[in-house]
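K.L.:
For reference, the chains in residue letters:
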Amino acid sequence: MFQYIVRRILIAIPTLLVISFVIFTILDLAPSDPTGNLPLSIPQEVKEQIRKSLGLDQPFHIRYLKWTRQFFIDEPLALVENVTGIKFPGSEKRTRIDSWSTHSSVIDLIFQRMPQTLWVVGMAYVLGILIAIPVGVLSAYRQYSIFDQLGTFISLIGFSVPTFFTGLLAIVIFSVKLKWFPSVYDTTLVVQDWASFVKQLKQMVMPVTVLAFFNASQLSRFMRSSMLDNLTQDYARTARSKGLQERAVVLGHVLRNSLIPVVTLIALGIPGIFGGAIITEQIFRINGLGDLLIKGIQNADIPLVQTLTFIFAVLIVIFNIFADLAYGLLDPRIRYG
Amino acid sequence: MSAVSPNARAKQKPKSESLWLDTWKQFVKHKGAVVGMIVFFIIVFSTIFGPMIYRIDPQYNDLRARNQGPTLAHPLGTDNLGRDLLAANLAGGRISLAVGLVAMLISIGLGTVIGVSSGYFPRLDGILMRLTDMFLALPLLPLLLVAIMLFRDSLRSLVGPETGIFLLIVVLIGVTSWMNTARIVRGEVLAVKEREFVTAASALGSQNNRIMWQHILPNVLSPILVSAALGMASAIITESALSFLGLGFPSDVPTWGRLLFDGKDFLSLTPLRVVWPGIAISLVVISVNFMGDGLRDALDPRLRTKG
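Just so you know, the protein sequences line up as chains A and B, in that order.
Letter 40 of the first sequence, counting from 1, is numbered 40 in the numbering used here, and no numbers are missing.
Letter 99 of the second sequence, counting from 1, is numbered 99 in the numbering used here, and no numbers are missing.
Certain hints may be false.
What the hints assert, rightly or not - List time: in silico DSSO-like cross-link candidates among lysine-lysine, alpha-carbon distance up to 30 Å:
1. A:K202 x B:K25
2. A:K66 x A:K295
3. B:K264 x A:K177
4. A:K199 x B:K264
5. A:K295 x A:K179
6. A:K66 x A:K52
7. B:K264 x A:K295
8. A:K202 x A:K179
9. A:K202 x A:K177
10. A:K179 x B:K193
11. A:K199 x A:K179
12. A:K295 x A:K199
13. A:K177 x A:K199
14. A:K47 x A:K66
15. B:K264 x B:K25
To be verified - From the derived model, a few chain B residues whose C-beta atoms are all more than 12 Å from chain A:
16. S18
17. I53
18. Y54
19. N80
20. L140
21. M149
22. V159
23. I184
24. A201
25. L225
26. D252
27. F290
Hints in this document: simulated from the structure, not taken from any laboratory.
Backbone N, C-alpha and C define an ideal beta-carbon position, used for all residues, glycine too.
In isolation and in its complexed conformation, chain A is listed as follows (with noise of 0.2 Å):
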């Protein structure tokens, strides 16, 4: 086991190295030019001073291993830094990623949005996972009933009408006709009371219920199949013979069997969740990391968008394993060679 979690990492680590070096390829192709925007009364010779603050007069292959000196050694020892206040020697001579429009550190401009990403996508992850694992246990178990048949035509129906409608529908039935809730997530609103903690409750019920139905339609479907699966294999009717309640083997035997898989896709999804803010913040106004990325990506930011991207790669890899790692600790039978 432990064999096997250092050899992923040590295989993870040429992936993400591989995979900085394509991004950061991809970005560095883009023909948009920092100066470009500024006034035309700035001299020429000005520019070249900004462009050299910024570091582009500088190789391809330099800005590139400055960069990844900066992403995997400065900021996680100056984030070190700002939470412990323990200061390291040469902390003054270390740089941090510095986003080009606001002049500010990238890593700290997504600490800012991480919060509203997390309480929105991250509450619909969970309510979603809540919702569909009991449905998808009853559909399977009442298989060809009335509750499987609606549950996987809702289902069906659910991960297949993208959320950017369901999410517009949504606006203009409940904010603009029957104005239950607003249809512009406001981000600055601090809950200090309870009229503040209802507002926050208000504007935060239609992005969590749309993600929520989305991903409650994709993972119920797994859970029901799953299911289906194991409650004809032989445990399960053993369980039966030897007079355990119902109850006991379904709950007790058959779920936790059914459940391993879907452990692993709730893992594999959770970077998804981050992608699928790109969207859900676009639909209800919600300034998070996916309001972050779009807004980088219009306005040329290129530090922004590798750094944030690459923060996407990291976290996809890293679910990969903990997928895989949680594979082996809930079933035993698998062994890792």
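Fit chain B to the known structure of chain A by using the hints.
P.N.:
This is chain B only, laid out in the frame that chain A set:
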């Protein structure tokens, strides 16, 4: 099932059926798939032939009839520039469906070639599967957005606005969505190539290429077909998502996704504007997914219901 031995069954049914006729018979038993197919073909035909019957130019600005709801002159209403929404949705559907079809063909083609080569040649397997893993670890939506931003203007000036963005989006979606097909096809090829008929073919002196495409490919066709159906649905969704984020097709070549994007700022004024293209996308994706479900059931003998 086991009561009838294969020999007895062959005697009962003397007329042998081709694989496709048999698949079709199973397919039409799946109610959802049949309804999906009908809905899908209605939408396809109306986008192909609709603009020939309903002859209003989707770009014509009827400035006296701006932001209208459904009227006799404009059955689906008009947008903020007085353009007819029915004409826009029909024209947009053509592009959306074409993007879905072509992107799916690219992705299936790539996935099949990579999957078959990787399953058939052990020497290529390692490197091709590492490539697949790397593509799966890339955050695709951000990279798609970035790539569109990078190449949009240069391609636009190179081959014209419409073809340029079409080629760009189709190729980008195709190149970033082949991985699942490749993995499924590889797994099937690994199983099929150990079968006796492949050994027989190679003992008879067939070349690798011939074995691959004549003997192995027909046997792995069913998972490819199923992932083609699902791939088309997801290509249409990806294109709409890109257009919805404002980084897909431009306003002068609107697709369903772009119509949603343009309509989302007029939600309180003309809410129906986002409903039409949204329903169109959803209906296409739902019907394609149902067809995919039906196809999978029809092609997989283990999933067949008896009788």
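K.L.:
Would you say L140 of chain B is clear of chain A, with no C-beta pair closer than or equal to 12 Å?
P.N.:
violated, 8 Å
K.L.:
Beyond 12 Å on every Cβ pair: is that true for I184 of chain B relative to chain A?
P.N.:
holds, 16 Å
K.L.:
Is it correct that the beta-carbon of L225 of chain B has no partner in chain A closer than or equal to 12 Å?
P.N.:
Given a closest Cβ separation of 19 Å, the condition holds.
K.L.:
Should the label of A201 of chain B as a non-interface residue stand, given a Cβ cut-off of 12 Å to chain A?
P.N.:
The claim stands: A201 of chain B keeps its Cβ more than 12 Å from every Cβ of chain A (closest is about 34 Å).
K.L.:
Under the criterion that the straight-line Cα-Cα distance not exceed 30 Å, is the pair K199 of chain A, K264 of chain B satisfied?
P.N.:
Cα-Cα ~24 Å, so holds.
K.L.:
Take the C-alpha atoms of K202 of chain A and K179 of chain A, compute the straight-line distance between them, and say whether it is at most 30 Å.
P.N.:
holds, 11 Å
K.L.:
Over 12 Å to the closest beta carbon of chain A is the bar; see if S18 of chain B clears it.
P.N.:
holds, 30 Å
K.L.:
Mind checking the alpha carbons of K202 of chain A and K177 of chain A for me, to see if they're no more than 30 Å apart?
P.N.:
With Cα atoms ~16 Å apart, K202 of chain A and K177 of chain A stay inside 30 Å; holds.
K.L.:
Does V159 of chain B really sit off the interface, with its C-beta more than 12 Å from all C-beta atoms of chain A?
P.N.:
V159 of chain B is indeed farther than 12 Å from all Cβ atoms of chain A, at 17 Å.
K.L.:
Next pair to validate is K264 of chain B with K295 of chain A; report whether the Cα-Cα distance is within 30 Å.
P.N.:
holds, 18 Å
K.L.:
Is the nearest CB of chain A more than 12 Å from the CB of Y54 of chain B?
P.N.:
Answer for Y54 of chain B: holds, closest chain A Cβ roughly 24 Å.
K.L.:
Quick one, are K177 of chain A and K199 of chain A close enough, alpha carbons at most 30 Å?
P.N.:
holds, 19 Å
This entry does not satisfy hints 1, 10, 15, 20, 21, 27, going by the numbered hints stated previously.
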